[in-house]
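All chains, please: the whole structure from these sequences, using the hints.
Chains as they are written, first to last, in full-length UniProt numbering: chain Z, 1 to 310; chain S, 1 to 310.
Bear in mind the hints are in silico, worked out from the structure with no lab data behind them.
Be aware that one or more of the hints could be misleading.
[To be verified] Which stretches of chain S does chain Z cover? Using the computed rule of at least three CB atoms under 8 Å from a CB of chain Z, they are:
| hint | stretch |
| --- | --- |
| 1 | 68 to 74 |
| 2 | 122 to 136 |
| 3 | 172 to 180 |
[What the hints assert, rightly or not] Simulated DEER-style distance windows between Cβ atoms:
| hint | chain 1 | residue 1 | chain 2 | residue 2 | range |
| --- | --- | --- | --- | --- | --- |
| 4 | Z | Q4 | S | C287 | 42 to 48 Å |
| 5 | Z | G115 | S | G64 | 43 to 49 Å |
| 6 | Z | K205 | S | K59 | 20 to 26 Å |
[Unchecked claim] Here are a few chain S residues that sit away from chain Z, every Cβ distance over 12 Å (derived from the structure):
| hint | residue |
| --- | --- |
| 7 | V62 |
| 8 | V184 |
| 9 | I229 |
| 10 | T262 |
C-beta atoms are modelled at their ideal positions from N, C-alpha and C, and glycine is treated no differently.
Number of protein chains: 2
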Amino acid sequence: MTRQIAVKALGIGKNVVCEKAATTVDSFKMVAAARYYPQLLSIMGNSLRFLPTFVAMQKLLVEGYVGEVQVCDVRVYGPSLLDESYGWTCEELMGGGGLHTIGSTIIDLLSFLTGSRAHRVHGLLRTFVQQNLSIRGIRRVTSDDFCFFQMLMSGKGSSSTGVCCAVTLNFNMPGSFVHEVMVVGSTGRLVARGTELYGQRNGSKNEELLLGDSGWSGPNVKAMPLPQIQGLSSMVKTLRQSFQAHEERRSWSREPMAMAPTFEDGLYVQTVVEAIKRSSTSGEWECVEIMREEPDPNHNLCEALQRNKM
Amino acid sequence: MTRQIAVKALGIGKNVVCEKAATTVDSFKMVAAARYYPQLLSIMGNSLRFLPTFVAMQKLLVEGYVGEVQVCDVRVYGPSLLDESYGWTCEELMGGGGLHTIGSTIIDLLSFLTGSRAHRVHGLLRTFVQQNLSIRGIRRVTSDDFCFFQMLMSGKGSSSTGVCCAVTLNFNMPGSFVHEVMVVGSTGRLVARGTELYGQRNGSKNEELLLGDSGWSGPNVKAMPLPQIQGLSSMVKTLRQSFQAHEERRSWSREPMAMAPTFEDGLYVQTVVEAIKRSSTSGEWECVEIMREEPDPNHNLCEALQRNKM
Numbered sequence: 001m002t003r004q005i006a007v008k009a010l011g012i013g014k015n016v017v018c019e020k021a022a023t024t025v026d027s028f029k030m031v032a033a034a035r036y037y038p039q040l041l042s043i044m045g046n047s048l049r050f051l052p053t054f055v056a057m058q059k060l061l062v063e064g065y066v067g068e069v070q071v072c073d074v075r076v077y078g079p080s081l082l083d084e085s086y087g088w089t090c091e092e093l094m095g096g097g098g099l100h101t102i103g104s105t106i107i108d109l110l111s112f113l114t115g116s117r118a119h120r121v122h123g124l125l126r127t128f129v130q131q132n133l134s135i136r137g138i139r140r141v142t143s144d145d146f147c148f149f150q151m152l153m154s155g156k157g158s159s160s161t162g163v164c165c166a167v168t169l170n171f172n173m174p175g176s177f178v179h180e181v182m183v184v185g186s187t188g189r190l191v192a193r194g195t196e197l198y199g200q201r202n203g204s205k206n207e208e209l210l211l212g213d214s215g216w217s218g219p220n221v222k223a224m225p226l227p228q229i230q231g232l233s234s235m236v237k238t239l240r241q242s243f244q245a246h247e248e249r250r251s252w253s254r255e256p257m258a259m260a261p262t263f264e265d266g267l268y269v270q271t272v273v274e275a276i277k278r279s280s281t282s283g284e285w286e287c288v289e290i291m292r293e294e295p296d297p298n299h300n301l302c303e304a305l306q307r308n309k310m
Numbered sequence: 001m002t003r004q005i006a007v008k009a010l011g012i013g014k015n016v017v018c019e020k021a022a023t024t025v026d027s028f029k030m031v032a033a034a035r036y037y038p039q040l041l042s043i044m045g046n047s048l049r050f051l052p053t054f055v056a057m058q059k060l061l062v063e064g065y066v067g068e069v070q071v072c073d074v075r076v077y078g079p080s081l082l083d084e085s086y087g088w089t090c091e092e093l094m095g096g097g098g099l100h101t102i103g104s105t106i107i108d109l110l111s112f113l114t115g116s117r118a119h120r121v122h123g124l125l126r127t128f129v130q131q132n133l134s135i136r137g138i139r140r141v142t143s144d145d146f147c148f149f150q151m152l153m154s155g156k157g158s159s160s161t162g163v164c165c166a167v168t169l170n171f172n173m174p175g176s177f178v179h180e181v182m183v184v185g186s187t188g189r190l191v192a193r194g195t196e197l198y199g200q201r202n203g204s205k206n207e208e209l210l211l212g213d214s215g216w217s218g219p220n221v222k223a224m225p226l227p228q229i230q231g232l233s234s235m236v237k238t239l240r241q242s243f244q245a246h247e248e249r250r251s252w253s254r255e256p257m258a259m260a261p262t263f264e265d266g267l268y269v270q271t272v273v274e275a276i277k278r279s280s281t282s283g284e285w286e287c288v289e290i291m292r293e294e295p296d297p298n299h300n301l302c303e304a305l306q307r308n309k310m
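Next up, the structure:
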């Protein structure tokens, strides 16, 4: 429904901040609508970019703290993402699963941090827990609770070999979330553990704390890692600034929102997610090819038929 | 040279504890020799199995601490493994590189911990640092300093989907080694951080320390993670027990050495290492097929020719 609501809202002149779409085709239609109404704000809710930890990390990367970036290594571990009762979170085709829910925010974050995009991806998805106390009988979970994927980012220079990203997501680990993003480069490394940022240059003996925990007074959502919630909060604050900058609050200032993920970023993320899913089925590296043309109107039907065949 | 020395030593009636061979063919010849002299001790120097941390971990896994094993997640980070001057450590074909040096001990450890073997593997190797202050001019490092690989282990039961293993090795991170082995199962998890063992059952809120650091009084080898050195020390102690059990010290007691990796384990590890290297080139999942017959005498020549073609 994300696509229908987003496109309709833009059509009646509303600014739109929205969650990811369920498919690439939906994402593409959102991009088309956003292009059609350039005066309206249209951003994705991938809020990790707004978290001060990652704002600082990106700044340090640009300043050359780690030298040339070689490897990004991300892990998110935590409890099950499934709802209490059967619903879309259990269903892969409806956008459930660790890759779609959390993985997509990581894909967006890594393109923000490295300033480049994945051109080839490889992944493996698993559903270890297919039934539990509340989802049983004829019902089965089809969305992934474990996923690892690798992304080869396109190199910026001609000499560069490009960054390798490895991401591990595991949601069979009750307890608190582990949310770690590490970037290793030729002269040092940066690690964001939760909302804290650490760094170590190759010469020095120990890690240094670059940004401490700011103290979170908001609610603790059980089913979401803290960096995601705090990022959302930071994004809302930035949005407020953006609208307060103009007196009438009917238009908005572009500058604070410049780093927000656009619908185009949303299409990229959705394309990578689908390429990883394809790779998990095919076992091969899959190319990330961004959709450039409105798909055939029968596409959805064909896709549904093909899926049934598989 | 490992193969020649090992096979010759067995031939003149010596017990053999040795490092890994450089190729599968060499490993196979060592297996053949070990089978020919069953009275002699013939074990591989993959010493992680002997480290008390992993002995305890394996015991807890058998006792069902984590329930059914789902995922093994391993990371080893540290400084460069290259020698000061140009030598075999720089050369992939001579057995240099993170995968061959450290990865092989992890592959052996994971088959020890899970009690199963990899049947399909996928990997990616990179040499980020091809030249440094002492290796330069026309010389280039060809051995990997970064590697991640995945192994799908064969399931034990018919219902089991098999364990997924993900391993990340990165030797572009000067400072002390990070050596972490995590096993996640349906009812809990075990994590070995360095030589300490932690566990958490799904019901409980916090990790518990299951085995503390025993305090290491031996030397700190700069180019090797501590668990590997301590494991070696444990293995030597076990070897002493094994020989002290018999008065003359010319024969040895099999019982303490029962868990030692045999030459057959060595052949398995070498086969996985080569499959991962193949996968890094082909980009595809590669099957792990253990050599069962003496290879064609021209095999080495053919292999060399093929390599040159590539």
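Each hint tested on the structure:
Taking a C-beta to C-beta cut-off of 8 Å, the stretch 68 to 74 of chain S contributes 3 residues in contact with chain Z, enough for the three needed, and the coverage statement holds. Taking a C-beta to C-beta cut-off of 8 Å, the stretch 122 to 136 of chain S contributes 5 residues in contact with chain Z, enough for the three needed, and the coverage statement holds. Beta-carbon proximity to chain Z at under 8 Å applies to 4 residues in the stretch 172 to 180 of chain S; the threshold of 3 is reached and the given coverage holds. Under the hint 42 to 48 Å, the C-beta atoms of Z/Q4 and S/C287, about 45 Å apart, fit the expected range.
The given range of 43 to 49 Å is respected by Z/G115 and S/G64, whose C-beta atoms sit roughly 47 Å from each other. For the pair Z/K205 and S/K59, the beta carbons lie near 36 Å from each other, so the given range of 20 to 26 Å is not met. At roughly 20 Å, the least C-beta separation between S/V62 and chain Z is larger than 12 Å, which holds for a residue marked as non-interface. Distance check on S/V184: its Cβ comes as close as 6 Å (rounded) to a Cβ of chain Z, failing to clear the 12 Å threshold; non-interface status is violated.
With a closest Cβ-Cβ approach of about 20 Å to chain Z, S/I229 is found to remain outside the 12 Å limit, as its non-interface label requires. Every Cβ of chain Z is farther than 12 Å from the Cβ of S/T262; the closest lies at roughly 30 Å, confirming the non-interface assignment.
Taken one by one, the earlier hints fail for this structure at numbers 6, 8, listed in ascending order.
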